[in-house]
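**Student:** Based on the provided sequences and hints, a complete structural model is requested.
Chains as they are written, first to last, in this note's numbering: chain A, 1 to 262; chain B, 1 to 262.
There is no bait here: all hints are sound.
If several chains are the same, the list does not tell them apart, and a pair holds so long as it fits within one copy or across any two.
Taking lysine to aspartate or glutamate and the EDC-like style, the derived pairs with C-alpha atoms no more than 16 Å apart in a straight line are:
no., residue 1, residue 2
1, Lys216, Glu70
2, Lys216, Asp26
3, Lys128, Glu179
Please keep in mind that the hints were generated in silico from the structure rather than gathered at the bench.
Protein chains: 2
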Amino acid sequence: MAALPSGLLGALDPTSDRAVFRQIADQIREAIDKGRFKEGAKLPSEAELVEHFGVSRMTVRNSISQLQGEGLVSSEHGKGVFVRPRPPVRRLASDRFARRHREQGKAAFTVEAEAAGSRPEVDSLEVKEERASQDISARLGSVRKVLSRRRRYLLDGRPVEFATSYLPLDLARGTQIAEPNPGPGGIYARLEELGRHLDHFDEEVQARMPSQEETKMLRLAAGVPVIHLVRTAYDSEGRAVEVCDTVMAADAYVLAYQLPAN
Amino acid sequence: MAALPSGLLGALDPTSDRAVFRQIADQIREAIDKGRFKEGAKLPSEAELVEHFGVSRMTVRNSISQLQGEGLVSSEHGKGVFVRPRPPVRRLASDRFARRHREQGKAAFTVEAEAAGSRPEVDSLEVKEERASQDISARLGSVRKVLSRRRRYLLDGRPVEFATSYLPLDLARGTQIAEPNPGPGGIYARLEELGRHLDHFDEEVQARMPSQEETKMLRLAAGVPVIHLVRTAYDSEGRAVEVCDTVMAADAYVLAYQLPAN
DNA sequence: TGGGCATACTCGTATAGACGAGTGGGCAAG
DNA sequence: CTTGCCCACTCGTCTATACGAGTATGCCCA
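**Tutor:** As structure tokens, then:
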């Protein structure tokens, strides 16, 4: 076992009140912040850290799990612990559903991804008729039965979001909206063809830690929250025509909005 | 040590591949989901769980730390582990900076909080002249020196967000904007009095786990992400007049936006 | 050359024990 | 009755050890 390259990590302060495992986490965090460990770089192994700091392995593991919770590092069984690289973020502009973007045909996700030089995929598409949950029903204006469209989006093979759209069943049944492939311009284009001129969207944004299932669906590393976005589409008569419930890997997105000042 | 009330938690499956500490976490998670432990309720103590599942204490602690990372529970030294109550969320509407809300005088935060029946406070106010960071400078349009206003907001004694506003120094120096109390309607009202008619705001929203300092400033429990919001205000000539960098406790907020459809 | 295996290194899981420190209730002394 | 202390219970920190499982590498043998 080779000694740690000197200068990478300092020593503990035995007189400090701060718990040893926190001091170790502090040292590593500082080393990452100062660039002594770069993005994607491998940290010293647990055994090396044990040696360097003269503590037991559980203490070192405790430090590392601290840093994992902060989203700073992620460990890979059999390989090591690595500084978590910041993946390229996808910027969602507030005009991304503007009609003009719809006219050309392709789905917004595909167009954007290809423009950014990524390979987009859509996955696990499922179209179903079901009873609306209380929340969805309220958002759609007391609708009982809905058509749900569930799908997952990937960029370069990495899942980044999954979403479920809910539409009033009497509106969507028998239309192309009920097909797996809703055609050029997506379901919003189909809604307008059905005479529902879209007026505006409401979006509600929250952030939280993922559930077990979300961690699996998005293959999330420890310490990565999700953004939960619920969008409701309204037609020009003020009727809600669609609710889209989206869960996104928070490290893959920045949402951009424009607000008027009056 | 009393036995656990039966029915609250099940047993382990020794034939399962799933790690014991995960199985225990699963059991507790399910019990919470199904309402067998309510919000704010105390979980069985570590000793009781050790007894119930017949495992060592470190294994139980591992399970609990798993649940903490998910934001489901939080532990309090000397008291126990509790199901994390969902605090009341503050809804930020996209018209919250509309001019009409400014005319009346009070700060937006105060008005909103009082309307919701909470006790608002503003804290650690600090006004400074400083050199703009690269990011802030870029957002303000190559401004070198800025006035920064830093403050923290609390609801019923709980810190929920802290924010720093940056304004071009040549714009703000010597005005009431440079005073700790910017007067009725806040700095946006002062900017308009200075002839800078506000046109719109850009907001960028990201979510991530908090840094050490943010955890302290917002007194965040484990497993609570932050929402990082950067707002830029533009006047009617398209000049950026303010950048506000805000970090919010994600469990205290839902952001609401309205997007036009064309 | 190519395939497969042994091996050494990585992190993952689990045990058992010890002591420290925060909290709250009950009891005893004033 | 009030005050203050002690104790029991809680989680926090740390050690030492053991074995399992995933990964990479190099060597040997076919």
